[in-house]
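Student: In case you want the letters, here they are:
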Amino acid sequence: MRRFDHRIHLSKDKIAVNILGIILIGIFALMCVMPFYLIIVASITPEASLIRDGYPLIPRGFDLQSYALCLKNPVSILKAYGVTISVTLVGTFLAIFLSTMTGYVLSRQDFPWRNKFSFFFFFTTLFNGGLVPWYILCVRYLGFKNSFLGILLPLMFSVWNMIIAKSFMTGIPAAITESAKIDGANDMVIFLRLIIPLSKPLIATLGLFSALAYWNDWYNCMLYITEENMFTLQYYLQRMLGSAEAMRLVAEKSGIALPSVPLEGMKMAMTVIATGPIVLLYPFVQRYFVKGLTIGAVKG
Amino acid sequence: MGKKAMKKKNSVLKTARKHWMLLLMLLPATVYVVIFSYVPMTGIVLAFKNYQYAGGIYGSPWNGLANFKALMISGKLGMVTRNTLLYNIAFIFLGVIFEMGSAILLNEIISKLFKKVSQSFMFLPYFISWVVAGAIMYNIFNYERGVFNHIITAFGGKPFDLYNTAAAWPAVLILLKVWKQTGYGSVVYLAAITGMDQEMYEAASIDGANEWQKIRYLTIPLLVPTMMVLVLLAIGNIFRGDFGLFYQTVKSSAILTPVTDVIDTYVFRLLINDGNIGVSAAAGLYQSVLCFITITICNNLVKKFNPDYALY
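Chains as they are written, first to last, in this note's numbering: chain A, 1 to 300; chain Y, 1 to 312.
Derived by calculation from the structure, the hints in this document are not laboratory data.
Treat the hints with care, since some could be wrong.
Straight-line distance between alpha carbons at most 27 Å, and here's what the computed DSS-like set of lysine-lysine pairs gives [claimed, not checked]:
(1) A/116 to Y/76
(2) A/116 to Y/7
(3) Y/18 to A/181
(4) Y/76 to Y/177
Note that this is a predicted model, so its numbers are computed, not measured.
Generate the whole structure from the sequences, applying the supplied hints.
Tutor: Structure follows, in C-alpha cells:
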C-alpha cells in the first residue's frame, strides 16, 4: 500500500530530476568504469590484432597468452606480489595500531597535555623540510637504500589518520575509560580490550586507507629500491610500462624470441594483475567506508 | 631555584608519573614524527649550503643565497609555480562542481540499485595507483593503437598525437584528476545532504516548491558551508602539486614539461636526475614556506567561518 502511495506522489518535476540524474550520473559512472573494461579487453586480445588494429572497444577474440607470458617468468612478478602483500599486511597492521593508540591518548579528556601533543603532531602537516632533507636523511643516515624499511616506514604513520582516530574516539563515552580505571585496568589494557572493539568502523576505514597507500605505493620504491627482487608491484608495473628494455629482458628470461612477445598485451595484462586485488577488497569494507570517510574527508 | 619554578617542575613530574602509561603509548608516534618530520625540518639549512657528501647535511660549507640565485637564473621557478597554481585552481573549481553536483543528483535518484552501482563505479578510479592510471591513459590516447584514435579514424577523422601536443595536456590532466577524485569527494557532500533537516523539505513541499526549487533554494545553500570549508582547506595546499598525477602520466617528456611541470616534479628532477642537492633543497624550501603561509591564512579563515572545521 505504501509503495503504491509513493508512486502516486511522484510528481513531474521529481521524475524530471530523476531522469536528468540517471543520465548524468550514468554517463559519469560509465566513464569511470569504461577504462577498466578497455584494459581488460586489451589484455585478452591476441597481440597480432592489437598491433594491426589497435586496442579494441569490443573484444576481438579471447586469448590468455598475455597472462600466460606474464606468469611465464613468474619469479619477478611473484616476488613483487610477495613484497607488496607482505609490506601491505605488516604496514597496515602497524599503521592501524600506531594511529589508533596515539589517537586514543589524545582523545582522553583527563590527559592534561593532549593539546600540546596534538599540536606537536599537527605542526608537521603545516610545515615540512621538503623532499631533499628527508631523502638524504633516509638514504644516508637511516640506510633505506635497498632495505624493506624504505618501503615500510614512510607510510607507517599519518597524522591525518591519527586525527581521524582521535575524533572518532572522542565520541566514545569517557565513562567507559573511567569505570575501567576504577576497576584497576591500566590505560593500555583499556585501549586494547575496550576501545579497540568499539572502533570497528574506524579500524576498517584506517585499514583501507593504509592498505591502499601500501598497495599503490611506487614512490618510495622508486626512491629507495634498485634491486629487482625487492620491487613492489606498482613499481614493477611502472618499470615494465616505462621501458622497452625491461620488456626485452622479461622476454629473454622467459625464452621467447622478441618479435613474438606480446608487448602491448602484456602491459595490459600486467596492469590488470597489479590492480585486481585491492579493488576486490572494497566490497568487504564498503559498509564501514562511507561513515569513516566522512570523518576523514573533512579533516583530511 | 625559585619556589614557583620548583612547583612547576613538581607538577610536571606529577603529571608524568600519573600518566606514564599514556606517555608510553605516545612514545612510538612521537619518535616517528621527530625522526621523519622534525629532523628533516632542520635539514632546510641545506638550501643555504654547498652540499658535499663528506660533510653531510650539517657539516657542508655554507654558501649563502647561491642556491636561490641559481634557482632564479634557471628561470623555471616562475613557470612551475604558475603551473602548480593554475592546475590546483582548476582542480578545486571543477572538483566542487563535479562532487557537489553528483552528490545532489545521487541524493535525488530514487532507484537504490542504480545509486549503489553507479556509486561503486565512481569509486573505482580512487582505488588505483597513478601508475595504473598512466597505463589507462596510454591505452586510450596512444597514437598508433589507442582507443581514442581508433574511434576518431573510424569516423573519418585524423588521428591525434596527444603525447606530442602540449596544448592539450592541461585539459587532459584536469579531466583525469576529476575522474579519479569525484567518487571519493562526493561522499562528504552526500553525508552533508543526508544530515539535513527533512522538515525544511516538507515545509517547502507544502508551500508548493517543486524539486528544482528545493535543490536551488534549499540543498545548494545548505551545502555552501561544507563547500567553503573544503575549498579553503584545498586552497591551503594550492602550492602542493599532485606528484603522482604529473609524474606518471607525463613521464618527464621534454615537449610536455612547459605545461605540465609543477613544483613537486621540478624538485624531484633536480634532486634525482640532476643530483643538484643545494638548488633542489632551495626550491623545496620555497614551496614549504609558500604552503605554510597559505595554510595558515586559510585555516584562520575557516576558523572565523566555522570553528568546528578548523585544522587547529
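Student: State for each hint whether it applies.
Tutor: Right, here's what the structure says about each hint:
1. Between residue 116 of chain A and residue 76 of chain Y the CA atoms are separated by roughly 40 Å; this puts the pair beyond 27 Å, and the hint is violated.
2. Taking the CA atoms of residue 116 of chain A and residue 7 of chain Y, the gap is near 20 Å; set against the 27 Å cutoff, the hint holds.
3. Simply put, residue 18 of chain Y and residue 181 of chain A have alpha-carbon atoms about 13 Å apart, close enough for the 27 Å limit, and the pair holds.
4. Restraint check for residue 76 of chain Y and residue 177 of chain Y: the C-alpha separation of about 24 Å stays at or below 27 Å, so the hint holds.
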